[in-house]
Structure formats: structure tokens, C-alpha cells
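FYI, this note's numbering numbers position 263 of the sequence shown as 263, with every residue one higher than the one before it.
Note that these hints are calculated values from the structure, not bench results. Don't be surprised by glycine CBs; every beta carbon is placed ideally from N, CA and C. It cannot be assumed that every hint is accurate.
[To be verified] Each computed DSSO-like pair below joins lysine-lysine, with the alpha-carbon atoms no more than 27 Å apart:
id, residue 1, residue 2
1, K336, K274
2, K168, K336
3, K336, K349
4, K82, K168
[Claimed, not checked] Here are the computed distance ranges between Cβ atoms for each label pair:
id, residue 1, residue 2, range
5, Q38, Q250, 28 to 36 Å
6, Q290, R26, 32 to 40 Å
7, P283, P188, 45 to 53 Å
8, A86, N161, 50 to 58 Å
9, Q152, L208, 35 to 43 Å
10, W227, G111, 45 to 53 Å
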Amino acid sequence: MADNEHSVLVVGGGPAGLSCAYELVRAGLRPLVLERTQAVGDVWRNHYDGLRLNTGRWFSSLPGLRFPWSAGRWPSRDDLAKELAALPARGGFNVLTGCAVVNIEYLAGPGLWQVRCRDDRVFRAQALVIATGTSCVPSIPQWPGAQHFSGQVVHAAHFGNARHYAGKHVVVVGSGNSSCEIASRLVPHAASVTLSVRRAPHFLPKSLFGVPLAALGTLIRRLPTRWSDAVLSGLSRRWVGDLSAYGLPQPAQGVSGLGSVTPTLFMPVIDDLKQGRIKVVGPVLELNEQSVVAHTGLDRTQRCTLNTDVIVAGTGYTTGLESLINYPAPLTADGKPTVDAHGHSTVAKGLFFIGYRNPISGQLREIGLQAPGVAAGVKRYLQPQLKPVVAAEE
């Protein structure tokens, strides 16, 4: 077997890719992981300062990764990055960093998947696991007039530290966990903070009586949709209350209607709203040279103009799979792969995916549950070819 040919490649060295590689080794395979950042763990290390996991220590474990007691109840960004960096040595697999994959195609002749990196390195494999995740490519809306805006537009993924925005008038766009946390972190530093939302979020406490919501989520996700929505709506009314007076009416749609978008669990923002430290407006309509024009509220009947120095776009991500995979692999409307119970593509043989589900019980926990099944699926796929592959590699 050539140096650039492998039995199995894993694209993505974040929690999903590393967890899968760990389980692949346990299944008797020798994966190579390709990671676009310069160091294992950077995918989390580069998140904004102060970030902590909403799922708690016990519900954020991964194969081969258990947080120490010193990480506390809610592990930090740096805690997770440190544990991820230690996982390859612990699991006995290699990660090639600084290898940003830009194209994937299937070579029908030899029956191999070919992966090309930005620096033109090429790798081939009999089985390929894609673990680039749902938060691969930051997405910023193309607002009318954006070309005339003289201020700064930054995605939440690149927000950094709130102190960098001292004295600025900031509009944070979005109502998810990142947007709400960033808005609250800006309050002590920015001249003004405005939260622009398209719809009212579902606010829920991240723990109930000391138990992480993720624990409750493991039970709720088994209920019929109507029941789970009723339970979560009841919790929101009991623990959060009515925020209509602050520009956020009760959501018209149940939590199940959010798809893979999780409820908003960052509760300090509610106090900031009630104290008037954060103003809420409706969706952004257009940008001018030094201002943002938005609906005054979610009723969308009036407009307001906001003097703005910085726009922080907490507007989500795309998977980036459409442009990455040069193969007719079917994707859902939000760019996610269609796979079987083992993460195997429904149409592309030898192509596997992991890390594209984000239930209320937590994405990290879901990855930990998926990884053994994906590894088993890869091994089953490679079984007829396994002996010659191992012999050649040895």
C-alpha cells in the first residue's frame, strides 16, 4: 500500500473525529485523522473567552475522555481543548494537523476515496469518515447595504474577548446560546448592546435542582413530540416566565420545531434584559454606513435605526458538505448527510459521517453514543478487505 493510502481516514479532529478514531483503534483498525487547525484542540481553544459547556461534566464525556473533578461542574473551553489534545496519545492514533481538506471524491477504478488538502497533499482510503460537524463554516447573512457599512462585522466564532469592544455600540444578531452569552459579556464593556432576533427563543435553565438539563433531555427525547414540547414549555414558564415586556414574547413554535437548534440555556441574559442593559429589536432589515435598520419588535410593524460600530453575527453555521464532497451524496435541507444506524451514507459505499446530530441531551454525549456504532460499521465494511490492508501497512 502506498504511503498516502490507508484503510480508513477521518476528516476532522474535533470531538467527533477523535472519538471515532479512538473507537476505530479499539475495533482493530489504524485510522489517520486529518485536522485543519494547527494543534489538536484548537477547534475549541479558538472559541470566545469564558465559554463553558452547557451539558455539564458527566454528560460531556467522550470515548477515552473523562473530565477530572478539577474541571468543575461545567467544564470550560480550555478544559475540553486540553482533554482533546491528550486523546490521540491515549487512543493510539495519529492526527495530521494543518491539513485543511478542500475536496473529496470517489475513485471508482481502485474503489478508493480520495481526499485533497489545501496544500495539495492527497490521501486515499478504502473507508472515509467525515466528522467536520454542523459548525464547520460560519454563516453571515447578506444584509442589504452591507457593502456600505463602515463598522466591523464579526461572526460569533471569531468574537474573542468582550474587552476588545470597549466603548462600542454593538448589535448582536441571533437568539441562541452564543448570541445571548456574548451580549451579556459585552454589557460591562460596550457603550450599548442590542440583541436582534428573528424569533423569540426558548429559554430554559441549564440545570434543575442541580441536575443538568441534558440529563432530563435523555428522557424527554424519548417522548412523543407533543408531550416533549409540553414539558419544555412548562419548564420555561415556571423557571423563566413571560418576557413579552422585554421584547421576547412566548415562542409560537415548540422546541421540536427548532430542528437541531438547542434551546437557549444562558440565563444571565434574562437579568440583563429586565434591567435594561440589553435592548431587544426584531430582525435586521438593512445596513447603512454607520447604522443598522431593524424592526422595532417581533411584530415587525415599525422600524428603528441603531447607531452601530460592531455587528456580532450569532447566525449559525453550515456544514460545508455541499462544496466539500464531489459526489452525489444526498443531504437534508440544512446540509446534513442521510445515513443508516452506523453512520454509513445511504448511497455512497465506504463513506461514513459522525457528529451531525445535536439533541437536547447534548451533542458531545450524542457523539459518544455514535462513535462505537460508526467504528463497527467501518469495520464491517472493510472486513472483506481487512487482511490485505493490515498486512500491507505492517
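| Is K168 close enough to K336, meaning Cα to Cα at most 27 Å? | violated, 37 Å
| query | Measuring from beta carbon to beta carbon, are A86 and N161 in 50 to 58 Å? | reply | violated, 26 Å
| Is K336 within 27 Å of K349, Cα to Cα? | holds, 17 Å
| query | Between K82 and K168, does the CA-CA distance stay at or below 27 Å? | reply | violated, 33 Å
| field | Outcome for the supplied range 28 to 36 Å, where the beta carbon pair is Q38 and Q250 | value | violated, 45 Å
| Would the pair K336 and K274 pass a check requiring their Cα atoms to be no farther apart than 27 Å? | violated, 37 Å
| task | Starting from the hint 45 to 53 Å, judge whether the C-beta atoms of W227 and G111 obey it. | result | holds, 47 Å
| said: Taking the Cβ atom of Q290 and the Cβ atom of R26, is their distance within the range 32 to 40 Å? | reply: violated, 57 Å
| query | Is it true that the C-beta distance of P283 to P188 lies inside 45 to 53 Å, as the hint says? | reply | 27 Å Cβ-Cβ, so the 45 to 53 Å window is violated.
| task | For the range 35 to 43 Å, tell me whether the beta carbons of Q152 and L208 fit it or not. | result | holds, 39 Å
Hint violations for this structure: numbers 1, 2, 4, 5, 6, 7 and 8, all remaining hints satisfied.
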